[in-house]
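**Q** Listed here are the chains, written in short residue letters.
Protein chains: 4
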Amino acid sequence: MKVGIVGANGYSGIELIRLLQHHPYTDLTKMISHSTSGKNILELYPHLENFVDMSLEHIDIEEIAREVDLVFFATPAGVTKDLIPDFLEKGVTCIDVSGDFRLKKPEDYKQWYKKSPANDQYLQESVYGLPELNRHKIKEAKLIANPGCFPTATLLGLIPVLQHKVIDLYSIHIDAKTGVSGAGRNVNVANLFTEVNENIKAYKVGHHQHIPEIEQVIREISGEEAPISFVTHLIPINRGIMSTIYCDLIHNLSIEEIYQLYKEMYKNEPFIRIRQVGQYPTTKEIFGSNFCDIGLYVDERTNRLIIISVIDNLVKGASGQAIQNLNILAGWEETTGLMNVPLYP
Amino acid sequence: MKVGIVGANGYSGIELIRLLQHHPYTDLTKMISHSTSGKNILELYPHLENFVDMSLEHIDIEEIAREVDLVFFATPAGVTKDLIPDFLEKGVTCIDVSGDFRLKKPEDYKQWYKKSPANDQYLQESVYGLPELNRHKIKEAKLIANPGCFPTATLLGLIPVLQHKVIDLYSIHIDAKTGVSGAGRNVNVANLFTEVNENIKAYKVGHHQHIPEIEQVIREISGEEAPISFVTHLIPINRGIMSTIYCDLIHNLSIEEIYQLYKEMYKNEPFIRIRQVGQYPTTKEIFGSNFCDIGLYVDERTNRLIIISVIDNLVKGASGQAIQNLNILAGWEETTGLMNVPLYP
Amino acid sequence: MKVGIVGANGYSGIELIRLLQHHPYTDLTKMISHSTSGKNILELYPHLENFVDMSLEHIDIEEIAREVDLVFFATPAGVTKDLIPDFLEKGVTCIDVSGDFRLKKPEDYKQWYKKSPANDQYLQESVYGLPELNRHKIKEAKLIANPGCFPTATLLGLIPVLQHKVIDLYSIHIDAKTGVSGAGRNVNVANLFTEVNENIKAYKVGHHQHIPEIEQVIREISGEEAPISFVTHLIPINRGIMSTIYCDLIHNLSIEEIYQLYKEMYKNEPFIRIRQVGQYPTTKEIFGSNFCDIGLYVDERTNRLIIISVIDNLVKGASGQAIQNLNILAGWEETTGLMNVPLYP
Amino acid sequence: MKVGIVGANGYSGIELIRLLQHHPYTDLTKMISHSTSGKNILELYPHLENFVDMSLEHIDIEEIAREVDLVFFATPAGVTKDLIPDFLEKGVTCIDVSGDFRLKKPEDYKQWYKKSPANDQYLQESVYGLPELNRHKIKEAKLIANPGCFPTATLLGLIPVLQHKVIDLYSIHIDAKTGVSGAGRNVNVANLFTEVNENIKAYKVGHHQHIPEIEQVIREISGEEAPISFVTHLIPINRGIMSTIYCDLIHNLSIEEIYQLYKEMYKNEPFIRIRQVGQYPTTKEIFGSNFCDIGLYVDERTNRLIIISVIDNLVKGASGQAIQNLNILAGWEETTGLMNVPLYP
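Residue numbers (the numbering used here), protein chains in the order written: chain R, 1 to 345; chain G, 1 to 345; chain W, 1 to 345; chain F, 1 to 345.
One or more hints might be untrue.
As the list claims (entries may be wrong) - If you anchor each label on the Cβ, the simulated ranges turn out as follows:
1. Gln-121/F / Glu-264/W: 48 to 58 Å
2. Ile-61/W / Glu-43/R: 48 to 58 Å
3. Glu-300/G / Asp-82/F: 47 to 57 Å
4. Glu-257/R / Gln-279/W: 26 to 36 Å
5. Glu-264/W / His-58/R: 34 to 44 Å
What the hints assert, rightly or not - Derived pair list, reagent style DSSO-like, types lysine-lysine, alpha-carbon separation capped at 30 Å:
6. Lys-137/W / Lys-39/R
7. Lys-165/W / Lys-137/W
8. Lys-165/F / Lys-39/R
Claimed, not checked - Chain F stretches covered by chain R per the calculated footprint, using a threshold of three residues with CB under 8 Å from any CB of chain R:
9. 195-205
10. 234-248
No lab work stands behind these hints: they were computed from the structure. Idealized CB from N, CA, C, for every residue including glycine.
Hey, can you work out the whole structure from these sequences and the hints?
**A** Quick look at the structure:
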């Protein structure tokens, strides 16, 4: 299958390039970049030598539509809402790694992204590309809204207890930690090495655009409008997200019962690994891979469940999940090109 | 004043040495170490050249008691409970940086430290050395139990709302992140550079010995036995703790009201700095200093207060606070030797 | 082909496991560990879940010889010199990632490793497994001495000018920088996170056992006994080696001539990439891959050539090169299982 | 003494602010910034709360000259060459932390800085502010050119053997490693956390502007024009420089003789510490302090001397040395405000 990448020059873009190199059924034939068109990708990323030798181009929708079957969009917020409809009109399947088509309610996008939302028709058509939740819809989709990195880690941790209705929906506290690559390759004082190294920082407190995305899925599963507490922290690592989730159990469930519930729910999921009782995953254990590893603890003193969920933000949190969605769409084995061992140490 | 350090060869020990070098009224005349006695401290820590040139000695209580007025104990858990009583008998004032005398209930120590507790008489005599809470008691103390690093960051964040009774005591969630120096200089696979670097790890989930310490102070202030949720995370930095605290407000207080409450409560505290509304402290902003910086957010969607409190675990979380306690005890200006600017970046 | 790993529990061991998972023609059927036998590898490394589920065993040469065709040794220095002869006797091909069979002169091993050397017969039989230098000998070998990490980076940088005799052999200065994984997973105060983080350290100054290894290859190529200057530095990264090499040119060669010489020499090498004039490789650009990237500079002011050569110490510097040697031995495509894109960022 | 800082908002600027807070005889009354004037320094650096509460101002030379006695310039290259003459005209003493007045030959500045040089009169008037070399001239200076960070580390390592004429001047190889704060707080893709973390990079190969600065001092001491090899490497740490220097001994000197030579030469220097034979300094051992620590090795195989010299680039490599120069100028004890213990770990 011929594919293209819009926004190939960012970190999600080059992670797509990396993963597509290891994918047997795709042919990457177009790389688009607004800010660096005309340059060869090797000028920006010499580590890609021997793999790709291709220039970044200005966007030309007609031409792309003629040459590729599917486009990945690895663009900043606010770009695809205007761009993707034209691609869809021309019959190109779109996987949007940005957030423009994730929120079904236009007013949510307006409030949290501070931009005008996409056309409602497309918002409703788009499928939220979390395979573990929406695999059947993804198969038929023309437009996939690839989930955000924090929602991926958090929702994969929460879905079993949401679906089994064993937690108080109004008690969910999510304390998330992320590496810096999530911020992209954009120059910004806050992301200088000197500012991030030997530092921990809470950021976007109360304003993170992933809040409504998580709440939307909670609402879809539970039918309830339950606001969450959610604080994100910047950690001096390149890759990796840990979501530490606290929620009140509404029944007295033992850790063994909870563990079995997760094992059962995810028994056929190739990319989810549940740690044994008493073990908790670290981000290094999924580094460079498409896994989501989950650890569980029931605090009997407070009757709360603590869920620790980790992903690589650039893989399961972005480009790997996009390829997983492509595999589902195309009818290929879902793990195609994605079953690599995490890099340790 | 002549002072000694037992456990001078660990990280809290050398941080005491560093701070005492800058303290005008003390004379460090004894350094004791169990594992490295006989060595000059410069063999272990060449960075101290030009400041100290002294050998580490085996412990000899008689001799220490003759030569010094006050001893700092920077020892692992389980050492001072047996050692300090002998020092007290000989009239030596003791500041214990370890956890042996912090928990007033012997059964708490037994449960959380998995060791037999100190003699109850000394447990009751000891003063919990959090100056912002117990300044008056510290003045008269013979034995100070210097608070743990996580309790220091967390309690300084919580005390204003605990004392003003504006939060639901049963809603407190504490998500704590720490640098690696808290683990000391002990060899351990888990603390190798390769294992910690580019990693985030939750540890001691449900079993951290700082849980009962925090709950004890909550109980003392509120009179209630309110269990907390508390998870600690290891972050690839050397120094720094961030405690992100979530709690339900029981009244509808605005962020401005909360901010004023903190500003008022801490207006005379030299080491507490409250960030303006909308600003949150990072650990780098207190690096190497005795400050505790606090940021506040009221989430109106959930009516929860989020408190972000940071300290340097080796300074305000250990050795700096020990010096602060010494200053109070001795009747010196409380900031003596401690008013240094954080190192940035 | 059935293969085993002796020393599977160290970092080179698990890197072999990782790479073998992606190798189509091998079957890893034995994992041996002295210190952790009896444990499942997943207890030590949960990141391997879904890939291997196998216990580490005590060594039993008879049994291993029956069950596997080839063994990788990822053991500390001093182990294989006694162990490998027994394997060879039983017809097992051996690839030794440790240094025991690299030095042809027994007295060199004695001097630099401070241990008694292997039996001379085996020393002479062993083939130094640097494919770019010894590909033809490797094809026929029964015992491969896989090169050290620093020699790999350094020699690949030097070989073209050594073979073309354009440098003064007595002018070679090598300033090497390495990540911490080279030290293995052994507990050691010097490798604690707190000691390595935010630090640069020169180590083994004048005593590094890779000095005679580099000099041996220089001697083999040039016929001269030319001592080198070589200092290694520990850098706070997990993976990666940079060797900065300085040498005096004996002719006035321009940078373009030098560049052409390298391009020509390495034109068929799949894992060597020469940066264009004016560009220099960084270690991140080969992270997780088997590449050696090389940059070149001719300083006309001093008539010196500066060569910057980078590898991932665990891949091209250890386990990746071992697989490359296996591929050559077995007659498979040399890049089999090794052509992965570096992980960036 | 009333002092001002031009360029107070950069990293050298805030390091000056930090050190001046601990200095008993100065009063910081003016902070100037081109890019952030109008802002309070606390908006940019909240860690300074409780120490300074002052706005950054546009430059007004008349006003500054009226209000302060001495100005520190912590500006990018190319600013002070035009600015400082006006300050000197008005009788203000100037300490220039930038490189504009370091090179005595205008053509050197033109070649290496790619800018037009300062007026020759001022170039000749300026005193190169390396106290260990030029203490007597500094006492009388009106304009001090504070040395660069690499030259400081390197020259302090070389001066004893240069002055004693024991090395071949044409054999000097300097391999330098630096933390990222040397690059300032300027936004730049190359200095993003994601690009620097887990990476080693050689930069400005052959073009570093500190090359002529080092060569100038070699020329001044030896009378010879001896070009050096000098390569700088970016290391993922915030602070710290290590200069590894290789040079050929022209006599057969033992390590003990070399060690005695250094001890003797620097016996009265408060900020230079020579490690014992067999010990080498690490950058962490001088972190946050004004020390330059030096280790020495004589390689008898090559008859080369290897010198390892470390400084904190923001302290001895910039702002600390500037304060040291101020102390000398003002006739105060040279260590005033600078004798702080390195922060470890």
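**Q** May I ask which of the numbered hints given earlier this structure violates, with the numbers listed in increasing order?
**A** 4, 6, 8
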